[in-house]
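Protein chains: 2
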Amino acid sequence: MDVTQADIATLRTEIGSGRLSVPQVVEAHLDRIAALDAGIGAYVHVDADGARQAALARPAGPLAGIPFGVKDVLDTADMPTEQGSTLYSDYQPPFDAGSVARLRHAGGIVLGKTATAEFAGTAPAATCHPKDPSRTPGGSSSGSAAAVAAGMATFALGTQTGGSVMRPAAFCGVAGFKPTFGSWPISGMLPAAHGFDTVGVIARSANDLAEVHAAMMRLPVPSAPETVPSVGLCRTHLWDTVSEEAARVVEAAAQAFSRAGARVADVPLPQEFAALTAHRRLVNAFERAANMEGWAGAIGSARTESQEVFSRGLTVDGASYIAAAAALDRARADLDALFGDHAILLTAVTPGVAPVGLGSTGDPRLQELWSTLRCPAVTVTFGTGTGGLPLGVQLVARPWSDLQLLDAARWLETLRS
Amino acid sequence: MDVTQADIATLRTEIGSGRLSVPQVVEAHLDRIAALDAGIGAYVHVDADGARQAALARPAGPLAGIPFGVKDVLDTADMPTEQGSTLYSDYQPPFDAGSVARLRHAGGIVLGKTATAEFAGTAPAATCHPKDPSRTPGGSSSGSAAAVAAGMATFALGTQTGGSVMRPAAFCGVAGFKPTFGSWPISGMLPAAHGFDTVGVIARSANDLAEVHAAMMRLPVPSAPETVPSVGLCRTHLWDTVSEEAARVVEAAAQAFSRAGARVADVPLPQEFAALTAHRRLVNAFERAANMEGWAGAIGSARTESQEVFSRGLTVDGASYIAAAAALDRARADLDALFGDHAILLTAVTPGVAPVGLGSTGDPRLQELWSTLRCPAVTVTFGTGTGGLPLGVQLVARPWSDLQLLDAARWLETLRS
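Order-wise, the sequence lines are chains V and H. Note that the numbering used here gives residue 354 to position 354 of the first sequence, counting from 1, and the numbers run on in steps of one. Note that the numbering used here gives residue 183 to position 183 of the second sequence, counting from 1, and the numbers run on in steps of one.
So here's chain V without its partners, still in its complex pose (with noise of 0.2 Å):
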């Protein structure tokens, strides 16, 4: 068994059994990243004593050992966090971000922090996609998603705002979640647009997702899904945007979901929705601007796409703000409809594969409509496009039904030929 490619429950069995220490788990992680982490660039910290020394300290709990990584806009007592920024060199917050502290004390080991789009925004990380370095992995979390696909860490913290967890895992072909806004703790996470912001994980499976969810929520370890979901296909006002692998490999998914006996469906996107786009737009430039707003005297130093944010932002006035946050909560109140006897709604997470170019980290606008209207959402790989590289597909639930939409993501995981 190749320990870096190994998932949670693969690792607690071994480690239960002691044909696996700890150590032994810890030591391997950090031996990928020195033989491969120069070429990818996903941690722009590894803490390879603190981890040994966590390692020795025998962990427990249900991560007992697990090593993770942190994206850097998460603070951690013991490791700087920059939030992929030189206006924040070296600094060293005081704690832990409830987030990480939660892992941790389910016996999860951090590694290090990895790469991050500034300010969890649009410049992007130094990182490049570990299947091909011309491409890039996605972002804002693209170390997350890079550390996690090269085996350099089981899982690992990201965060979403427009589609920061979901793009990087789609690129990357491992599995992410972003959780309904509000259920994973926030303190010690860097606020870009406090309206989206949320806490989400990276990890190699959908089961994966599903126990890092628990030991944060303090659930117990969830047990395979017994029953077939209802599935909406939601093809949504962006579907044009859709390349053609892309989409076939979203009706792909809608077909083995079918054929497993699931009742799936059409969902179409109510015509209202269409305007969520710009909506959005507007209350992430505005929020964003006002959280950066103590940066203001020092904003010269950072990268030219923040300063860009930055300046967008205040040429938001406060009314259009307003119309606009109060139209996006009434999308909310209507997603009940939307959703009609659905569980779950299946669409396209990205417009295709990890595109040529370190310059950008893609489109967000297919991941950011389901941040926008708070649900929790799910990316597991379906098929592969254009050289071989990954392509996902997207589920989505109605907020508070994170557990029912993990179910499905393990579902459609065990129905991929």
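Note that these hints are calculated values from the structure, not bench results. Hints are not guaranteed to be accurate.
Going by beta-carbon spacing under 8 Å, a handful of chain V positions derived as facing chain H [what the hints assert, rightly or not]:
hint	residue
1	I299
2	A319
3	F339
Chain V is nowhere near these chain H residues, computed Cβ spacing over 10 Å in every case [what the hints assert, rightly or not]:
hint	residue
4	V3
5	D7
6	E14
7	R19
8	P23
9	G41
10	D47
11	G151
12	A224
13	H237
14	R259
15	G261
16	L389
17	E413
Using N, Cα and C, we set each Cβ at its ideal position, and we do this for glycine too.
Assemble chain H onto chain V, guided by the hints.
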């Protein structure tokens, strides 16, 4: 004119006309702090030099030269931010909170950091009521309310998760505003229970609240309201917790609105809203403990009340939290029907005047009901009770109707006898 009792518009006029200089305004407040604060304990840190320098730097903007206090759970780049706790002794954040920076950029001058209950929770600050040192000023924004009431700041930022702006403002006989959840920037604010946390403001009048809101939201400085709102008198399921004298003040406000030409009608709170208090308790406990998880190794040094909050939160299982959080979302979706054709609800803000004793900051239930629903809320003083102490009322509006709410509060203030 007493500079330390003047409102924002008056100070703006006096400064604009040259009858008063910004350094004079700042010195008057520093003198007042030096004279009074040893007996009140509103400030935990006063930056006299910083305030003087800012006064000499020719501040510009809608709040030019207006001195304000900042609750010590909001980051300041030039002063420590101690969260009311020895866990954060001397902690110096790298940047201003977004809310603080925005007001500074509007010309406001920070005098210092105001005392807070530990972590904006229940362990009281060492602040007493400006009118009676045997009584609590309310909390958790204790210092902010006491500073404004005692003329030691023109206004002060606070935060509210339950009733932490409304309650101290009402007890201290000043005005308080908690905007719509999510509308003011949250960067640099200590998360408590993130589903409810909102930055707010305490000031001398509803007009001043509107001025600060305009500066924060980059809206025009508000003109006087022209129309009388339609008011629903909402006694809530907590009406039997309200003292006779506090109830009388609420009824008097209803009558005043009515005499001024407002349509006033009773609005009963639907039966299911009575469950909100219990749901809110679960959600609050779970989220606070999750956000506190990073402090776990140091929590033994925190105050007893905070340790209990952490322990209690850890007893809430994830499934109960999810069920309660989903129930709160359903109640929020029913808000529009609750308001009906009323723009504003009028309700009680506290059970009575500030209670004797500094061991508790008072009963949060009447205030937290509306924080839970994410509504904007205002309190203004509308009478006196036991010992001549002030009694307030609370006005509430639909989310994102903050401007209408502030207009109604300004109306009500003009109707005081």
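Status of the hints after comparison with the structure:
With its C-beta approaching chain H no nearer than about 11 Å, V/I299 sits outside the 8 Å limit, and its interface hint is violated. At a threshold of 8 Å, the smallest CB-CB gap from V/A319 to chain H is about 6 Å, leaving the interface hint in force. Restraint check, V/F339 versus chain H: the minimum CB separation of about 14 Å is more than 8 Å; hint violated. Here H/V3 stays apart from chain V, with its beta-carbon at least about 28 Å from theirs, past the 10 Å limit.
Separation of H/D7 from chain V is adequate, the least Cβ-Cβ distance of about 22 Å exceeding the 10 Å criterion. Annotated as non-interface, H/E14 keeps its C-beta farther than 10 Å from every C-beta of chain V; the closest such distance is 27 Å. Once the 10 Å rule is applied to beta carbons, H/R19 is consistent with being away from chain V; the minimum gap is 31 Å. Every Cβ of chain V is farther than 10 Å from the Cβ of H/P23; the closest lies at roughly 23 Å, confirming the non-interface assignment.
Listed as a non-interface residue, H/G41 keeps its Cβ farther than 10 Å from every Cβ of chain V; the least gap is roughly 25 Å. No beta-carbon of chain V comes within 10 Å of the beta-carbon of H/D47; the shortest separation is about 16 Å. Against the 10 Å criterion, H/G151 stays outside the reach of chain V, whose nearest CB is about 28 Å from its own CB. Look at H/A224: its CB is around 18 Å from the nearest CB on chain V, clear of 10 Å, so calling it non-interface holds up.
Chain V leaves H/H237 outside its interface by the beta-carbon criterion, the shortest separation being 24 Å against a cut-off of 10 Å. Residue placement check: H/R259 keeps its beta carbon more than 10 Å from all beta carbons of chain V (closest about 31 Å). The beta carbon of H/G261 is kept farther than 10 Å from every beta carbon of chain V, the shortest such distance being approximately 27 Å. For H/L389, the condition that its CB be more than 10 Å from all CB atoms of chain V holds, with the nearest at approximately 36 Å.
Its beta-carbon lying about 23 Å from the closest one in chain V, H/E413 satisfies the requirement of being farther than 10 Å from that chain.
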